[in-house]
Amino acid sequence: MTPMTPFIRDLAAYWPQILTGLENTLLLTGIISVTGFLGGIAVFYLTVVSGKRCRKWTERYISFFIGTPLLVHLFLMYYGLPELGVRLSPLLVSVIGFTLNVSAYNARYLTTAYNGLDQMEIEAAGAQGFTLPETFRFVILPQALRFSVPSLTNQVIQNLKDTSVAFLIQYNDFFSQIQEIASTNFEFFKAYVLAGLVYLALVSLVVAAARALERRIVLPT
Amino acid sequence: MALIEVKNLVKRFDGHTVLKGINVELHEGQVKVVMGPSGCGKSTFLRCLNLLVQPTSGQILFKGEDIAGPGVDIRKVRQDIGFVFQHFALYSHLTVQDNVTLGLRKLRKMTARQASDKASHELERVGMFEYRHRYPAQLSGGQKQRAAIVRALAMDPSVLFLDEPTSSLDPEMSREVVSVINKLYLENVTMFCVTHDPHLAKYISDSIVFIDEGVVLEENIAERLFYDHPNPRIREFFLGVIDLK
Numbered sequence: 001m002t003p004m005t006p007f008i009r010d011l012a013a014y015w016p017q018i019l020t021g022l023e024n025t026l027l028l029t030g031i032i033s034v035t036g037f038l039g040g041i042a043v044f045y046l047t048v049v050s051g052k053r054c055r056k057w058t059e060r061y062i063s064f065f066i067g068t069p070l071l072v073h074l075f076l077m078y079y080g081l082p083e084l085g086v087r088l089s090p091l092l093v094s095v096i097g098f099t100l101n102v103s104a105y106n107a108r109y110l111t112t113a114y115n116g117l118d119q120m121e122i123e124a125a126g127a128q129g130f131t132l133p134e135t136f137r138f139v140i141l142p143q144a145l146r147f148s149v150p151s152l153t154n155q156v157i158q159n160l161k162d163t164s165v166a167f168l169i170q171y172n173d174f175f176s177q178i179q180e181i182a183s184t185n186f187e188f189f190k191a192y193v194l195a196g197l198v199y200l201a202l203v204s205l206v207v208a209a210a211r212a213l214e215r216r217i218v219l220p221t
Numbered sequence: 001m002a003l004i005e006v007k008n009l010v011k012r013f014d015g016h017t018v019l020k021g022i023n024v025e026l027h028e029g030q031v032k033v034v035m036g037p038s039g040c041g042k043s044t045f046l047r048c049l050n051l052l053v054q055p056t057s058g059q060i061l062f063k064g065e066d067i068a069g070p071g072v073d074i075r076k077v078r079q080d081i082g083f084v085f086q087h088f089a090l091y092s093h094l095t096v097q098d099n100v101t102l103g104l105r106k107l108r109k110m111t112a113r114q115a116s117d118k119a120s121h122e123l124e125r126v127g128m129f130e131y132r133h134r135y136p137a138q139l140s141g142g143q144k145q146r147a148a149i150v151r152a153l154a155m156d157p158s159v160l161f162l163d164e165p166t167s168s169l170d171p172e173m174s175r176e177v178v179s180v181i182n183k184l185y186l187e188n189v190t191m192f193c194v195t196h197d198p199h200l201a202k203y204i205s206d207s208i209v210f211i212d213e214g215v216v217l218e219e220n221i222a223e224r225l226f227y228d229h230p231n232p233r234i235r236e237f238f239l240g241v242i243d244l245k
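Just so you know, the protein sequences line up as chains A and B, in that order. Take 1 as the starting number for the first sequence in my numbering and just add one per residue. Take 1 as the starting number for the second sequence in my numbering and just add one per residue.
These aren't lab readings, by the way, just hints derived from the structure by calculation. Please read these numbers as outputs of a predicted model, since none were measured by experiment. Backbone N, C-alpha and C fix where the C-beta goes; we use that ideal spot for every residue, glycine too. There could be a bad hint or two in this list.
Pair ranges (Cβ atoms, derived) [unchecked claim]:
id : chain 1 : residue 1 : chain 2 : residue 2 : range
1  : A       : R137      : B       : A137      : 31 to 41 Å
2  : B       : D66       : A       : P133      : 23 to 33 Å
3  : B       : R113      : A       : R146      : 39 to 49 Å
4  : A       : V207      : B       : R113      : 33 to 43 Å
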């Protein structure tokens, strides 16, 4: 029987921590994918239904969060807010920071899809007696979501990968555990290859689910 | 009392006056066709009647109430006016059946079963029942327009507005739609129809309102307008329809 290499041995020793890290990564990905999705719909709703002034603010919001790095928002909240006496947990900062960021991206995808809709259908709903919020609910949103599925599911993949930056604000995610093993045994190459493979496997699962969803909702032509 | 009475309707867009004081009445059971050259304001006129376009001034009395005035729930008014668009405007994510039932369930507050029964009945009326599970993308132009007519009719409106219902159809599909509208005419459905199509105008109209440059030049029956009209503008417009005699 060949002796275990130090890396495998360390991996086995750290396994419970790695598993916890993986759980935390999946937890954060799950939470921000849901909150970012709902937030995206909320911002999209305001973009379509609200008045001119509110629309301008939603556009500014989207531009700000798409135009600035996520890490800046996370650092601002985690390291900056304590100066003002506000101290938040790494998970809470991650959820808030990612949600604001992902909502902006999702709202942009939905708005782009909305711009491609047949505007006559929206006028027809108005002519039938639907209010704009009702038209949003029954005509605009179902179609915008359908057209945005590839972008929205890609965003979930992006979320999964991006959670790895949360370790920079002390969130114990999968990557932070890998980082810890690597800094213990100095086998950085193996550690990061392993991290890459695990992320690839997780992303592959999301891609498979996304493609199944796309097949399910495609309209017959 | 007229079902719809339009008094001195004016519509301006960016300083350009499209409608210059239109006066028209529509009574219950009556069908009026609005004709005129492209850009004369006939579609704008129809859109003003349910406030899809806000009139600049004038009165639109619907069942005696000025719907262009303040304090009117235009949503309720629109539920009582069926509107059929030139390019069908069916909800593309819904089947034909769901296109018809959406308004019944959400606006008329029918149960799913009641809405489905009503939709089936109306779809049978125009020969669209067998296509009820298809999506708009799976229909021909004529079928789409018939589905759009059913969607409007299913709400049991007091009046049906048709905005160039055959303009984007080839002659064969156009005949399909004309025959459905003609059937409605024979059933005494009250209609306001904007069209360029003299065939449609002749077969469904009690009278034709001829609009040119934002004013009503004349309102008359098809035969009087189509053939040897004393007004040179009207005569010129209807020059090609002599074969309809």
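Outcome of the hint check:
no., hint, result
1, R137(A) / A137(B): 31 to 41 Å, "22 Å, violated"
2, D66(B) / P133(A): 23 to 33 Å, "26 Å, holds"
3, R113(B) / R146(A): 39 to 49 Å, "27 Å, violated"
4, V207(A) / R113(B): 33 to 43 Å, "41 Å, holds"
The structure is inconsistent with the numbered hints 1, 3, although it conforms to all the rest.
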